[in-house]
Amino acid sequence: EPEVTQTPSHQVTQMGQEVILRCVPISNHLYFYWYRQILGQKVEFLVSFYNNEISEKSEIFDDQFSVERPDGSNFTLKIRSTKLEDSAMYFCASSADGLGGRARTDTQYFGPGTRLTVL
Amino acid sequence: AQSVTQLDSHVSVSEGTPVLLRCNYSSSYSPSLFWYVQHPNKGLQLLLKYTSAATLVKGINGFEAEFKKSETSFHLTKPSAHMSDAAEYFCVVRGGSQGNLIFGKGTKLSVKP
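Sequences listed follow chains A and B, in order.
So the first sequence is residues 1 to 119, counted in my numbering.
So the second sequence is residues 1001 to 1113, counted in my numbering.
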């Protein structure tokens, strides 16, 4: 069964450093998402991406964050200058369809997550 | 705005007894609702989803959930718990124009032998 993969599984970085979290969505999917879960808190939506541009973003997704689909398979989340409060589990998700007639029924498939620790 | 409230942060059951994980939703239109499960050190796996078809939804591993509009509830049940069901369960509603998901705080299910 196809699945979303994420690398690395755990990333440790120093405050102020840039990090890139990588995701390989399911191959025929068109919509891509990043979520994060700070320890002990809810899973929160960060950003959705379709047709090589951001579809929607939350207020968490500020100028320090960017997303990119550099090739046909990878989907990346970059944090330009990490802060202590960026420490969290970051989940990538993909879905076959996010808009149109099937938008409300489509399933998002999640990767195993990358645990980011900022020291 | 859409939201979900999971009424219990922790539920403990004995193996072989029924499981009930409670979720209430708030939505200004007919919602799409999901239950996801997260086993330790694993990703989020979809258990089941409701999308305005049948109100009783069957999912994987013997779980099911019933959409009750009058009670704005979408509780997750299983007749008989198994040790492997121990995990964290998230009730989720689809929100936003682009389909982003809104998660509840999660319910940790413990299963005692």
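Some clues are possibly wrong.
[Stated by the list, open to error] The calculated lysine-lysine pairs, modelled on PhoX-like cross-linking and capped at a C-alpha distance of 25 Å, are: (1) 1042/B to 1069/B; (2) 1069/B to 1112/B; (3) 83/A to 1108/B; (4) 42/A to 1108/B; (5) 1042/B to 1108/B; (6) 1068/B to 1042/B; (7) 1105/B to 1058/B; (8) 42/A to 78/A; (9) 1105/B to 1069/B; (10) 1112/B to 1042/B; (11) 1112/B to 57/A; (12) 1058/B to 1068/B; (13) 1068/B to 1112/B; (14) 83/A to 57/A; (15) 1069/B to 1058/B; (16) 1105/B to 42/A; (17) 1105/B to 1068/B; (18) 78/A to 57/A; (19) 42/A to 1042/B; (20) 1049/B to 1069/B; (21) 57/A to 1049/B; (22) 1049/B to 42/A; (23) 57/A to 42/A; (24) 78/A to 1042/B.
No lab work stands behind these hints: they were computed from the structure.
Notebook entry, point to check: Checked against the structure, which of the hints given earlier come out wrong?
Noted result: Of the numbered hints, 1, 2, 3, 6, 11, 13 do not hold.
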